[in-house]
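Participant: Take these sequences, add in the hints, and give me the full structure.
This is what each chain is made of:
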Amino acid sequence: MSRFMYLFRGSDAMAEMSPEEMEVHMGKWKTWMGGLAQEGVLVDGLPLNKDGKQVSNGAQTVIDGPFAEGKEMVGGYLIVNADNENAAVEIAKGCPIFEGPNGNVEVREIMSM
Amino acid sequence: MSNNTSVSNSIDHIFRSEYSKLVSILVGKFGANCIDVIEDAIQEALYKAMRMWSYQESPKDPGKWLYRVAHNQVIDTLRRSNKSVEYNPELEKGEESPHSMNEHSIDDDQLMMIFACCHPSMKESEQIMLSLKLLCGFSNKEIARAFMKNTEAVKKAITRAKQKFKEEVGELQLPNEGQLMGRVRAVIKVIYLIFNNGYTAVEGESLLKKDVCEDAIRLALIIHQKEGYSAPELKALLSLMLFNFSRFDARVSDELELLTLDKQDRSKWDKELMNRAHIFFGQSASGQSFSRYHFESAIAREHALAQSFENTNWKQILDLYNLMNRYYPSPTVSLNRIVAIDQAEGAKSALKQLNNLNGKNYTNNHLYYAIKGDLEIKLNNKGAKDSLLKAIDLTDNLKERGFLKSKLACLH
Numbered sequence: 001m002s003r004f005m006y007l008f009r010g011s012d013a014m015a016e017m018s019p020e021e022m023e024v025h026m027g028k029w030k031t032w033m034g035g036l037a038q039e040g041v042l043v044d045g046l047p048l049n050k051d052g053k054q055v056s057n058g059a060q061t062v063i064d065g066p067f068a069e070g071k072e073m074v075g076g077y078l079i080v081n082a083d084n085e086n087a088a089v090e091i092a093k094g095c096p097i098f099e100g101p102n103g104n105v106e107v108r109e110i111m112s113m
Numbered sequence: 001m002s003n004n005t006s007v008s009n010s011i012d013h014i015f016r017s018e019y020s021k022l023v024s025i026l027v028g029k030f031g032a033n034c035i036d037v038i039e040d041a042i043q044e045a046l047y048k049a050m051r052m053w054s055y056q057e058s059p060k061d062p063g064k065w066l067y068r069v070a071h072n073q074v075i076d077t078l079r080r081s082n083k084s085v086e087y088n089p090e091l092e093k094g095e096e097s098p099h100s101m102n103e104h105s106i107d108d109d110q111l112m113m114i115f116a117c118c119h120p121s122m123k124e125s126e127q128i129m130l131s132l133k134l135l136c137g138f139s140n141k142e143i144a145r146a147f148m149k150n151t152e153a154v155k156k157a158i159t160r161a162k163q164k165f166k167e168e169v170g171e172l173q174l175p176n177e178g179q180l181m182g183r184v185r186a187v188i189k190v191i192y193l194i195f196n197n198g199y200t201a202v203e204g205e206s207l208l209k210k211d212v213c214e215d216a217i218r219l220a221l222i223i224h225q226k227e228g229y230s231a232p233e234l235k236a237l238l239s240l241m242l243f244n245f246s247r248f249d250a251r252v253s254d255e256l257e258l259l260t261l262d263k264q265d266r267s268k269w270d271k272e273l274m275n276r277a278h279i280f281f282g283q284s285a286s287g288q289s290f291s292r293y294h295f296e297s298a299i300a301r302e303h304a305l306a307q308s309f310e311n312t313n314w315k316q317i318l319d320l321y322n323l324m325n326r327y328y329p330s331p332t333v334s335l336n337r338i339v340a341i342d343q344a345e346g347a348k349s350a351l352k353q354l355n356n357l358n359g360k361n362y363t364n365n366h367l368y369y370a371i372k373g374d375l376e377i378k379l380n381n382k383g384a385k386d387s388l389l390k391a392i393d394l395t396d397n398l399k400e401r402g403f404l405k406s407k408l409a410c411l412h
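Chains A and B are the protein sequences, given in the same order. Each step along the first sequence adds one to the number in this note's numbering, with nothing skipped, and position 104 is 104. Each step along the second sequence adds one to the number in this note's numbering, with nothing skipped, and position 189 is 189.
Keep in mind the hints are simulated off the structure, nothing from the lab. For glycine and all other residues, C-beta sits at the position ideal for the given N, C-alpha and C. Errors might be hidden in some of the hints.
To be verified - Some but not every residue of chain B turned toward chain A, in silico, with C-beta under 8 Å:
| no. | residue |
| --- | --- |
| 1 | Ile14 |
| 2 | Arg16 |
| 3 | Tyr19 |
| 4 | Tyr47 |
| 5 | Met50 |
| 6 | Gly137 |
| 7 | Phe138 |
| 8 | Lys141 |
| 9 | Glu142 |
| 10 | Arg145 |
| 11 | Thr363 |
Unchecked claim - Beta-carbon label-pair distances, calculated as ranges:
| no. | chain 1 | residue 1 | chain 2 | residue 2 | range |
| --- | --- | --- | --- | --- | --- |
| 12 | B | Arg80 | A | Val62 | 17 to 25 Å |
| 13 | A | Ala59 | B | Arg80 | 51 to 59 Å |
| 14 | A | Glu109 | B | Lys166 | 53 to 61 Å |
| 15 | B | Asn72 | A | Glu109 | 33 to 41 Å |
| 16 | A | Asp44 | B | Pro120 | 30 to 38 Å |
| 17 | B | Ser206 | A | Val62 | 48 to 56 Å |
| 18 | B | Lys166 | A | Asp44 | 40 to 48 Å |
| 19 | B | Glu257 | A | Leu7 | 43 to 51 Å |
| 20 | A | Glu109 | B | Val252 | 45 to 53 Å |
| 21 | B | Lys149 | A | Val62 | 44 to 52 Å |
| 22 | B | Arg160 | A | Val62 | 45 to 53 Å |
| 23 | A | Thr61 | B | Glu205 | 32 to 40 Å |
Facilitator: Here's what the structure looks like:
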């Protein structure tokens, strides 16, 4: 069993949804994540604020976000248990982020000893 | 899509109902000319909530959380836009929760907002659009989808209405005593039209339309609950809406076809809603005034009382249509009256009365020709074919057209 991190991108398009659509979308996330939790797949996960800072240049430069174009920006992450990369990809396919036009999940194995 | 439906059936419409509360409280606090900033701030707060609450439990009092975030966002934007005239540091107070000062209730804010959205400076169509947007929390796209309108047209109407809203409304307030009943009557009309738009038109998304109807009832109840505001016509309208709404689900077949009264399974009518409708009907009879809502409600009540389509008291319904025809004449009332005559007295009498109508009012009315054709079929009159062809020609609705064509096919 390995751990994988999902990095979510492209949820910014959903800022334009109507209140009702947002609530429906939220319900789908809750259902999906609730399912993962029940199956023991879910380890952790949280959304990220769209503002932030970037520290670079030998810690000499600190600039304001945003760091990338809206659809490139990481909007949140999840850590899951999965047998292997293929299994982690299959789980990611159920993510409601794909309802949005730019929905994108990056699947990365977390290195362990 | 079916997946969509099941999820949205199980949600509580918290976002939509909070939208209308938040917009009312914040416009009450910052003024009508800040409406754009306020709408953006609420949208931002809802987006934030959607993202956070997807991952973790939503807070115990989501409304309070949303208020705090939206309120801070408004302050932030106003401060940054440097509109010192509009921005008053005093406004930063009351950030923690709405009405910590307890000046008036959230219902009062919403009530004032209802009057503001139905401001006399706006056209009726603009009042309807703005109410759907600000009081019911629908997006332009949803309004367009529910009413089969073009999104651009909806957007334009709302922009126009919002311009007047900013210029004319200023601070939210309740109408003064002299204007009160006139303003209440205008609001009642808008609520009636919103409900009818949601209820009667065949096109549009069914789920959205049900929400529209529910919201019309909710708005009417807000006014009803304010002491001194609930006019008899408002109670009649509430009764009418509840009678009709109790049949909402029974009107649609499993194949999503619209069912007429004679084909509905009456056991599916919502008894609880009907009981409430009966109570409002009783209350609407108090006082001297009566209105078209009284008549429409009385007719809806007759249908509710009937155990079956055959047992309906058509004589009573015809009497009501006769009165309506005298006091509130319109082509639609006249045509409904013809249908009642057919049921109460027979097709021969109905066709005679139909032929007495002023044909000029009905040249483009497909219902006129559909009813005419129907009566002519019953009487074996050879004009039936022409009438049905005319009706088919005049209707844009595909389902209706299919229905008429199947009738025509039976003639051959």
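Participant: Each hint needs a verdict: does it hold in this structure or not?
Facilitator: Structure-based check of each hint:
1. Proximity of Ile14 of chain B to chain A holds as hinted, the smallest CB-CB distance being about 6 Å (cut-off 8 Å).
2. Restraint check, Arg16 of chain B versus chain A: the minimum CB separation of about 5 Å is within 8 Å; hint holds.
3. For Tyr19 of chain B, the interface hint holds, since its Cβ comes within 8 Å of a Cβ in chain A; the closest pair sits about 5 Å apart.
4. Of the supplied interface hints, the one on Tyr47 of chain B holds, with its beta-carbon coming within about 5 Å of a beta-carbon of chain A, less than 8 Å.
5. The interface hint given for Met50 of chain B holds, since its Cβ lies 4 Å from the closest Cβ of chain A, which is under the 8 Å cut-off.
6. Because the smallest distance between the Cβ of Gly137 of chain B and any Cβ of chain A comes to about 5 Å, under 8 Å, the interface hint for this residue holds.
7. Here the hint on Phe138 of chain B is kept, as its CB sits about 7 Å from the closest CB of chain A, short of 8 Å.
8. The closest approach between the C-beta of Lys141 of chain B and any C-beta of chain A is roughly 7 Å, which is under the 8 Å cut-off, so the hint is satisfied.
9. Look at Glu142 of chain B: its Cβ gets to within about 5 Å of chain A, closer than 8 Å, so that hint holds up.
10. Because the closest C-beta pair between Arg145 of chain B and chain A is about 10 Å apart, greater than 8 Å, the hint is violated.
11. Violation of the interface hint for Thr363 of chain B is found here, the shortest Cβ-Cβ separation to chain A being roughly 40 Å, above the 8 Å cut-off.
12. In this structure the hint that Arg80 of chain B and Val62 of chain A lie 17 to 25 Å apart at CB holds, the actual value being about 21 Å.
13. Restraint check, Ala59 of chain A to Arg80 of chain B: a C-beta distance of roughly 29 Å breaks the suggested window 51 to 59 Å.
14. In this structure the supplied range 53 to 61 Å holds for Glu109 of chain A paired with Lys166 of chain B, their Cβ-Cβ distance being about 54 Å.
15. One distance hint, 33 to 41 Å for the beta-carbon pair Asn72 of chain B and Glu109 of chain A, holds here, with the actual separation near 40 Å.
16. For the pair Asp44 of chain A and Pro120 of chain B, the beta carbons lie near 56 Å from each other, so the given range of 30 to 38 Å is not met.
17. At roughly 54 Å, the beta carbons of Ser206 of chain B and Val62 of chain A sit within the given window of 48 to 56 Å.
18. Taking the beta carbon of each, Lys166 of chain B and Asp44 of chain A are about 46 Å apart, inside 40 to 48 Å as hinted.
19. At roughly 47 Å, the beta carbons of Glu257 of chain B and Leu7 of chain A sit within the given window of 43 to 51 Å.
20. At about 50 Å, the CB distance of Glu109 of chain A to Val252 of chain B agrees with the hint of 45 to 53 Å.
21. Evaluation of the 44 to 52 Å hint for Lys149 of chain B and Val62 of chain A yields a pass: the beta carbon distance comes to about 50 Å.
22. Checking the proposed 45 to 53 Å range against Arg160 of chain B and Val62 of chain A shows it holds: the Cβ atoms sit about 46 Å from each other.
23. At roughly 51 Å, the beta-carbon separation of Thr61 of chain A and Glu205 of chain B lies outside the given 32 to 40 Å, and the hint is violated.
In the structure shown, a violation is registered for the earlier hints numbered 10, 11, 13, 16 and 23, in ascending order.
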